[in-house]
Structure formats: C-alpha cells, structure tokens
Amino acid sequence: MFWEILIASVLATGGLVAGLCRYTVWRPPCPPCCPRVLMYHAFGDAVPEGMNPQLCVRPRAFDAQVALLRRKGYTFLTVSELLARPDLTRCVALTFDDGFADNAETALPILRKHQAKATIFISRRSDVPGARMLSEGQLAALANDPLIELGAHTLNHVNLSQADAATAEAEIAGGKAFVEAHTKRPCVSFAYPYGRFTDATVEVLKRLGFRAAVTVKKGFAPLADPFRIRRTSVLRSCDDLQFRILLRCGRYRV
38 MFWEILIASV
48 LATGGLVAGL
58 CRYTVWRPPC
68 PPCCPRVLMY
78 HAFGDAVPEG
88 MNPQLCVRPR
98 AFDAQVALLR
108 RKGYTFLTVS
118 ELLARPDLTR
128 CVALTFDDGF
138 ADNAETALPI
148 LRKHQAKATI
158 FISRRSDVPG
168 ARMLSEGQLA
178 ALANDPLIEL
188 GAHTLNHVNL
198 SQADAATAEA
208 EIAGGKAFVE
218 AHTKRPCVSF
228 AYPYGRFTDA
238 TVEVLKRLGF
248 RAAVTVKKGF
258 APLADPFRIR
268 RTSVLRSCDD
278 LQFRILLRCG
288 RYRV
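Each residue of the sequence shown is one higher than the one before, starting from 38 at the first, in my numbering.
Just so you know, these hints were derived from the structure itself, not from any lab. Keep in mind that a hint or two might mislead.
[To be verified] Within a straight-line C-alpha distance of at most 25 Å, the following computed DSS-like cross-link-like pairs (lysine-lysine) qualify:
(1) 221 with 243
(2) 154 with 254
(3) 243 with 255
(4) 109 with 255
(5) 255 with 154
(6) 109 with 150
Just so it is clear, the structure is predicted and the values come from calculations on it, not from any experiment.
I would like the entire structure built from these sequences, with the hints used as guidance.
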C-alpha cells in the first residue's frame with residue numbers, strides 16, 4: 038500500500054509539474070501599456086517541405102487567435118504605426134517573417150475577415166527549400182492593401198551577426214530596395230533574420246532610413262528602443278489557453 042501511494046503521489050506531482058510547464062499561468066503579467074507584438078511565419082494545414090512544422094500555423098488556429106484579439110478589444114497596428122501612437126494600451130502588432138506565398142493566400146483573407154492589420158517582412162528568398170515565396174503579383178496586391186505594411190528582412194535572409202560589414206549593409210540596403218520597388222514608398226520597418234544583429238547593424242538601419250526593427254527576444258515591453266522591439270512567436274502547437282497566457286504574460290512556454 039505504501040508503495041502504491043508513493044507512486045501515485047510521484048505521478049500526480051509529475052503531472053502537475055508538466056502542466057505548469059505547458060501552461061505557465063504562474064508568470065507575472067506584462068503591463069497592459071506594453072504593445073503585444075506577435076511573430077508568425079507560414080500558414081497552412083500542410084507544412085512545406087523542409088520547414089520546421091512549428092513555424093506553420095494552422096489557418097483555423099490563426100482565425101481563432103485574431104478573433105480573440107478582436108473580441109478583447111485590441112487595436113491592430115502595423116509596426117511603423119506603433120511609433121506614432123503615444124498610448125499603446127491594448128494594442129497588438131501581427132508580424133509575418135520571410136514573405137511566404139501563404140501570407141497572401143491564407144492569412145490575408147483572415148485578416149480581412151476581422152479587419153486586422155499586419156506587417157509582412159519580405160526576403161527575396163528563404164532558407165526553406167520547399168516553401169513558395171510571394172509572387173510579383175501578390176507583392177503588388179499586398180502593397181496596395183490598407184491592412185498590410187511591407188517591411189524588409191534582408192535580400193537573401195542572411196545572419197547579419199555573422200556577415201562582414203559590407204555584406205550586411207548590401208543585404209539590408211538590397212532588401213529595402215526590393216520592398217520599395219513593389220510598394221513605391223519608403224520602407225521603414227525591418228526584422229532581423231534569425232533575430233541576429235549587432236550594434237553596428239542598428240547603425241546601418243538608422244543610416245538607411247529605417248525607423249523600427251523587431252527582434253525575436255520574447256516578451257512585451259515599452260518601446261524604449263524602436264530598433265529592439267520585443268515580440269513573441271506563436272507556434273503551431275500553441276493552443277487557446279497558451280495563447281491567452283501569451284497575451285497576458287508575454288510568453289507561454291518555460
């Protein structure tokens with residue numbers, strides 16, 4: 038009997054610990070004045086060959102997440118709009134990295150359904166061999182959509198912390214020119230590929246006319262530095278409760 042009770046206690050404790058790791062309700066909440074900046078990549082029930090499955094969010098889940106944000110009264114802003122608003126209480130910025138074709142084919146109809154804005158950070162190519170990138174026609178359509186801001190993500194999705202100074206500047210400038218060729222307006226927002234950058238990278242962005250850049254550092258914080266904006270990734274495995282925890286606490290995993 039003693040051993041049965043001990044085993045049951047151990048299993049119950051293990052289940053509790055696992056639950057607290059998966060549903061981190063114990064995390065302190067982020068102040069509501071901090072904008073909720075969320076990072077996505079691809080959308081689809083099927084995952085493109087070669088892509089990390091976690092980066093491909095199911096359309097039904099994304100629809101539910103945007104609907105929840107709308108019900109909770111969040112104001113949807115693009116990344117550049119974050120800088121122009123003095124009070125960011127209950128504001129959210131949806132961001133999509135890389136520029137996959139499903140951003141236009143799958144995510145955009147959901148954004149239109151809920152009248153939600155988003156910023157798509159474009160690279161000319163991706164490091165995912167089986168993924169389709171946005172076509173010329175799709176880029177042109179997105180550039181004219183009032184819900185969408187197109188930002189830069191380097192020309193070839195390079196790790197800027199490992200590139201030499203000349204290559205880094207050429208990739209950033211080339212990515213900016215690539216976006217501007219489709220939008221016919223200044224490109225002022227940027228996402229660091231892989232979240233990697235240096236202080237020198239930030240100086241290049243400022244010199245080239247960017248006004249904001251997003252990182253992959255988890256959590257939500259005031260916009261003290263517009264070139265180091267925090268954001269939290271929403272993964273394929275994120276369920277409804279985890280998404281609610283994310284909005285409250287800035288992250289939902291240990």
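Q.
Just to be careful, I want the Cα atoms of residue 221 and residue 243 compared with a cutoff of 25 Å; is the pair within it?
A. Roughly 20 Å between the alpha carbons, so the hint for residue 221 and residue 243 holds.
Between the alpha carbons of residue 154 and residue 254, is the straight-line distance 25 Å or under?
22 Å, holds
Given the proposed pairing of residue 109 with residue 255, does the C-alpha separation stay at or below 25 Å?
22 Å, holds
- Item | Straight-line alpha-carbon gap residue 243 to residue 255, limit 25 Å | With a Cα-Cα distance of about 23 Å, the restraint between residue 243 and residue 255 holds, given a limit of 25 Å.
Notebook entry, point to check: Given the hint that residue 109 pairs with residue 150, does the C-alpha gap stay at or below 25 Å?
Noted result: 16 Å, holds
25 Å limit on alpha-carbon distance, applied to hinted pair residue 255 and residue 154:
21 Å, holds
Every hint, counting from the list given before, is met by this structure.
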